[in-house]
Amino acid sequence: MLSKWLQSRKITTGRRSLQQEAIPLRKHLKDEAKRKKAEARINGDNISNKRQRTDPRLEKWELTVGIEIHAELNTACKLFSSASAEPYDQQHATTPNSRVALFDAAMPGTQPQFQVATLLPAVRAAIALGCDVQHKSGWDRKHYFHWDQPNGYQITQYYKAFAKDGSLTLRASDGVPAGDLNGADSLVIGIKQIQMEQDTAKTTNVGSSAYHIDLNRAGMPLIEIITLPHIHSPQTAAAVVRKIQAVLRSVDACVTGMELGGLRADVNVSVRQRGTDGTGASYSGVSGLGQRTEIKNLSSFKAVEDAIVAERDRQISVLEAGDVIEGETRGWTLGATETTRLRGKEGEVDYRYMPDADLPPLVIGRDLVQHLTQTLPTLPDAMEVELQEIYGLSLKDAKTMIDVDEGDRVDFFETAVEHVLSSDDEASDSDVAANKRKVGKMVGNWILHELGGLLTTQERSWDDVRVTPKKMSDIIVLLQGKEITMRVAKQLLTEVFEQEPCSEPVPTIEQLVDAGNLRLRPLTQRGYEELAQSIVDASPDMVKAVREKGQKGKIMWFVGQMVRTGDEGTVEPEKAKEVLERLMARNGAP
Amino acid sequence: MPSARFCLRPASRRLPRSNTRHHVTTSRPYEELNACITQHAPSPSSSTQTAKTVAIKDNIATKDFPTTVASNILAGFTSPFDATVVRLLRENDYTISTKTNLDEFGMGSHTQSSSHGPTLSPYSRNGIPLSPGGSSGGSAVEVLTGRSWTALGTDTGGSVRLPAAYLGVVGFKPSFGVVSRWGVLAYGHSLDTVGILGRRLGDVSGVFGVVRGWDGRDPSSLTMRVRERIEEAREVRRRRRRRRKKGGVLRIGVPLEYNIVELSPLVRSTYIRTLERLQSVGHTLHPISLPSTKQALSAYYVLAPAEASSNLAKYDGVRYGTRPTDPDSSPRDNLPLYAQTRGQGFGEEVKRRILLGAYTLSSEARDNYFIQAQKGRRLVQRDFDRVFALANPLLDPPHSVPDSDSTGGEQDEGVDVIITPTAPTLPPTIEEVKRQSPVESYMNDVFTVPASLAGLPAISMPVGLSEEEAKGLEQTDVGSVGVQVMGQFGDDEGVLDVASMIEEGQWKS
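First to last, the sequence lines map onto chains W and H.
Residue numbers are given in my numbering: position 176 of the first sequence equals residue 613, and the series is strictly consecutive.
Residue numbers are given in my numbering: position 36 of the second sequence equals residue 184, and the series is strictly consecutive.
Looking at chain W on its own, in the form it has when it is part of the complex (with noise of 0.2 Å):
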């Protein structure tokens, strides 16, 4: 059973084509970049206060917000068909209703077929969110009217989800605010439950009156986070978001991130005046609050912190005004200042649920809860700590390598470093672990400041990087053995950078090494001392300025001279230095 599950997982959750998936997210992070460098120019030094710009009403309302997360989980099938169920998105299209099984479109007569490979992220989501995996969860329909919506009725779990009572931990580096944590390091945020449910159909407007169907993302299988009102500010909301896809992404569990449709946010918003019970609502056990209303389909963390804003800005003032708050539901656009009324309490759909007699029962066996536990990857907390502890990284050097790419530059950098100390075999077994953060924080160096570097200058995504963990760890070897120095590792690094793809093999760095002639050919002391001297005599003024004026830093100028005058790849700056440093010494004392 447990091999057969096994199998499964292997077909199911291998990594996708990057290359097929994550432009647009570059792109967009780009954008984002762009966006904020602008802001921060027109606003000066107050993009950074902003945040802490209180508004004086805040003093008498607080804000409880809750969050409902709909990921689209990493499978290759559909929920309840097995239609392919790849990544969906605007660059690389496929054919709409090309990937519809007859149950997909509704056809009459057609029943659903539980797809059990789709439990296994949806599985590894639950545990690494903490939740309490059910062993026995049932399938619901909602029912409501809509063209995205092909059966008139979502198979959802409703009644009994497959996972209940987890948390989320945050802590201010995840963007929590200081007057969030009241002191404490972290902060945790319950979470409610999680269910399994089927995407929609995907619509597009055309013209007035007309809409397309696509139904490849009809049935394709979500899971939904609700978390428990434990939230307080929408920063925090924001940074629950972001780490919730943190936690999935670093699982393997869901598609793609926020921004690209694999995530959507909706939140339940209501204020309360500190101190008192609000209206006296309450949800899931948290009583004491005022009546809320859910902004639907926010699909950026950005979406989510300004949503927020913006809606318990107009409770308050509806509020201060002595009005009351319908219980409605709401939209939001990007770039809005306030929320929209979509239906009031009275358009409330009723959605009907009912138990889907047409699915036996979800049952999922401790062992495989068990399996994944055991096999689960790194979660995001633990790998900082492990990039710091074992790696030798600064915590901000840990939290980019983690936060940046989808986690794809950790694998890299593991691995890097994985050669780098396989090459050397002279570190003895005492020193083994400082030789690894030794060497940990210089390949860390490399990854994030060099060829993170490069990435900046020359505009390119992480995706087009055609540098390898091999390639780099070789380079940072040969570095290190003294073979090549600083300047022709850079060099080297950005010769690899810059190579087109193409269908020959591609030189390996000791052959570019050999071909360019760039190995340390170490100069003997008399020739560092006879080079030095030479510079020294052609240049009477720089050696007047260091000697008689003390202008000591001027002896790096001489180091350049050196270097530059020596043959590539013979000239340690360091030891240069040395030299001269001797050399001025001994003529300036006579």
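If you're looking for bench data, these hints aren't it; they were derived computationally from the structure.
Each computed DSS-like pair below joins lysine-lysine, with the alpha-carbon atoms no more than 27 Å apart:
1) H/Lys499 / W/Lys579
2) W/Lys907 / W/Lys833
3) W/Lys927 / W/Lys1012
4) W/Lys875 / W/Lys927
5) W/Lys597 / H/Lys523
6) W/Lys579 / H/Lys523
7) W/Lys873 / W/Lys833
8) W/Lys986 / W/Lys1014
9) W/Lys573 / H/Lys523
10) W/Lys833 / W/Lys878
11) W/Lys919 / W/Lys873
12) W/Lys907 / W/Lys919
Based on the hints, put chain H in the right spot on chain W.
Coordinates of chain H only, in the frame set by chain W:
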């Protein structure tokens, strides 16, 4: 040992042991009966074909015929695939002869509410055609008139058994999950069961052998494990019977709650005669109580419409089926989405049940209706589990493997089968049907609904009226009464065995 009379008072007077069968005496031509919706053009070699032709109720998907469920909303719709049962028939060299008429979406007991017009029984009373029963009335007429060898119907609350009783043919509803539902257009998906109609039991069980079996595309299809467990239980019973002194003695349950005031004298007398004959050859009769029987009909008419309101939500005219030419989203007229399509596409009875179901599932009514009905259904199932000798194979099996003649899977005092009338009365005329209120019409299902709620195998066998019984009837009237045999879940073979005793009069020493 109680007698049949004891079990079922007031018993009528003892009747002669004849098993007279009336032949169809009607002048009405087949074409006027409106039993079939579409059929293949007759081929030259049709005589050889009729031997193995099977008519298919029009709510079962076929690739080469339209599948309309007798509803305007699917007028002209042809399914892109064959239902599993149709595929199995084709693979076994049966010919699909026709698609037969039904009550729209299977919602009815007389096959009068079809977009293709009503189906008539060849029988009549005072010149007025009788109800053919429903909703598989078309299939039953096809079989009775000999136009098709056998027919498939569907039975949600009695829709195969009732027409079989009203027309004097055999109608078998297997256990839920034994026959695949893939390709069966859902009405009440927890109840819908493909059933088989034929003139002879042997034909019916032959087709059953072909269409039964696990199907991965139907999520409620019984798994191989459950099927094996059923086989094991049957094997244990066989061994046990062989060791008993009275080898072939059947314990027959006679439910007291089925002895209702509405039971017509002819139905009662035929029923008692059947019981007496079985008793006369040594089988034993046992009065049993199924106290939830009274709630069964109410539970059924909450659950089936609730499921219907959900299953029929897919008919929106977007992907298939008919839709009006004007825009249908209708926000202009402040009408809900698809109001035009669904308003024009569905007939009155379908709309009535959708509304009923939408109400009983609504958040304000759910606890009082839908949830209560689910509980009622569970009580009905428990009633049956309490009286049957065989254990319900869907419940947790005994931990030890039932190996020898121990109690494995069998309760000591239980009954093997339950025998009841199929319907309380002879078929009404179609004029009487027209005068019935919907609720009166739902009463027809009172004896068939309990087996549907519990998913039990049940068959309606025609038992001919005696000469004396038939005296007051015209020659054109139906000459038989349907007697229903029900068995424990999964005991389809046991039900068919008892049915064959009724058919062949095996009990006659």
